[in-house]
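Colleague: Sequence:
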Amino acid sequence: ADKPVGEWNRFEITVRGKTVTVVLNGVTVIPGATIPDLPPRGRIAFQHHGGKDRNGNWNSSPSLMQFKNVFIRELN
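Residue numbers (my numbering): 199 to 274.
Hint data in this document are derived by calculation from the structure and do not stem from the laboratory. Hints should not be assumed to be uniformly reliable.
[As the list claims (entries may be wrong)] No more than 20 angstroms apart at the CA atoms, straight line, and that leaves these computed lysine to any residue pairs for SDA-like:
#1 Lys201 - Gly249
#2 Lys201 - His247
#3 Lys250 - Ala199
#4 Lys216 - Pro237
#5 Lys216 - Asp200
#6 Lys216 - Thr226
#7 Lys216 - Leu236
#8 Lys216 - Val227
#9 Lys250 - Asn207
#10 Lys266 - Asp200
#11 Lys216 - Ile233
#12 Lys266 - Pro237
#13 Lys216 - Arg241
#14 Lys216 - Arg239
#15 Lys266 - Glu205
#16 Lys201 - Leu262
#17 Lys201 - Ile228
#18 Lys216 - Ile228
#19 Lys216 - Ile270
#20 Lys216 - Ala231
#21 Lys201 - Val225
#22 Lys266 - Leu222
#23 Lys266 - Asn207
#24 Lys201 - Val221
With these hints in hand, go ahead and build the complete structure from the sequences.
Modeller: This is the structure we're talking about:
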């Protein structure tokens with residue numbers, strides 16, 4: 199579901215209680231995973247664990263990571 203290096207990916211992350219669903223570019227990649235130790239409140243942070251470069255070689259952090267149009271809203 200990842201787009202090629204240099205193109206923007208769109209993530210939709212939904213958290214309800216201790217259940218997390220992640221949609222990447224319209225494809226559900228994590229369907230309702232339960233995270234037992236997920237706290238009910240706290241900071242929201244982004245992190246990067248590396249990925250593949252244009253040649254398909256694995257690279258690890260630190261690498262450039264950019265965000266745009268980040269929205270957070272409370273669910274009913």
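Colleague: Decide, hint by hint, whether the structure agrees.
Modeller: Here is how each hint holds up against the structure:
1. For the proposed pair Lys201 and Gly249, the alpha carbon gap of about 12 angstroms is at most 20 angstroms, so the pair holds.
2. Distance hint between Lys201 and His247 is fulfilled; the C-alpha atoms sit about 17 angstroms from each other, no more than 20 angstroms.
3. Restraint check for Lys250 and Ala199: the C-alpha separation of about 14 angstroms stays at or below 20 angstroms, so the hint holds.
4. For a cut-off of 20 angstroms, the pair hint linking Lys216 to Pro237 stands: about 8 angstroms separates their Cα positions.
5. Note on Lys216 and Asp200: the hinted pairing is violated, with a Cα-Cα distance of about 25 angstroms set against a maximum of 20 angstroms.
6. Restraint check for Lys216 and Thr226: satisfied, since their Cα atoms lie roughly 18 angstroms apart, inside the 20 angstroms limit.
7. Between Lys216 and Leu236, the direct Cα distance comes to roughly 6 angstroms. Compliance with the 20 angstroms bound is thereby established for this hinted pair.
8. Taking the CA atoms of Lys216 and Val227, the gap is near 17 angstroms; set against the 20 angstroms cutoff, the hint holds.
9. For a cut-off of 20 angstroms, the pair hint linking Lys250 to Asn207 stands: about 14 angstroms separates their Cα positions.
10. For the given pair, Lys266 sits about 16 angstroms from Asp200 by alpha-carbon distance, which is consistent with the 20 angstroms threshold.
11. Of the pairs offered as hints, the one joining Lys216 and Ile233 holds, with about 5 angstroms between alpha carbons and a cut-off of 20 angstroms not exceeded.
12. Our distance criterion of 20 angstroms between C-alpha atoms is broken by Lys266 and Pro237, whose separation comes to about 26 angstroms.
13. For the given pair, Lys216 sits about 15 angstroms from Arg241 by alpha-carbon distance, which is consistent with the 20 angstroms threshold.
14. A hinted pair counts as satisfied when its Cα atoms are at most 20 angstroms apart, and Lys216 with Arg239 qualifies at roughly 11 angstroms.
15. Restraint check: the Cα-Cα separation between Lys266 and Glu205 comes to about 12 angstroms, which is no more than 20 angstroms; the hinted pair holds.
16. In summary, the hint linking Lys201 to Leu262 is supported, as the alpha carbons are separated by about 16 angstroms, within the 20 angstroms threshold.
17. Restraint check for Lys201 and Ile228: the C-alpha separation of about 17 angstroms stays at or below 20 angstroms, so the hint holds.
18. Between Lys216 and Ile228, the direct Cα distance comes to roughly 13 angstroms. Compliance with the 20 angstroms bound is thereby established for this hinted pair.
19. For the proposed pair Lys216 and Ile270, the alpha carbon gap of about 17 angstroms is at most 20 angstroms, so the pair holds.
20. Taking the CA atoms of Lys216 and Ala231, the gap is about 8 angstroms. The hint holds against a cut of 20 angstroms.
21. Taking the CA atoms of Lys201 and Val225, the gap is about 12 angstroms. The hint holds against a cut of 20 angstroms.
22. A C-alpha spacing of about 15 angstroms is found between Lys266 and Leu222, which places the hinted pair at or below 20 angstroms, so the restraint holds.
23. The suggested pairing of Lys266 with Asn207 holds, with an alpha-carbon distance near 10 angstroms, which does not exceed 20 angstroms.
24. For the hint pairing Lys201 with Val221, the CA-to-CA distance comes to about 13 angstroms; that is within 20 angstroms, so the pair holds.
Hint check: violations occur at hints 5, 12; the rest are consistent with the structure.
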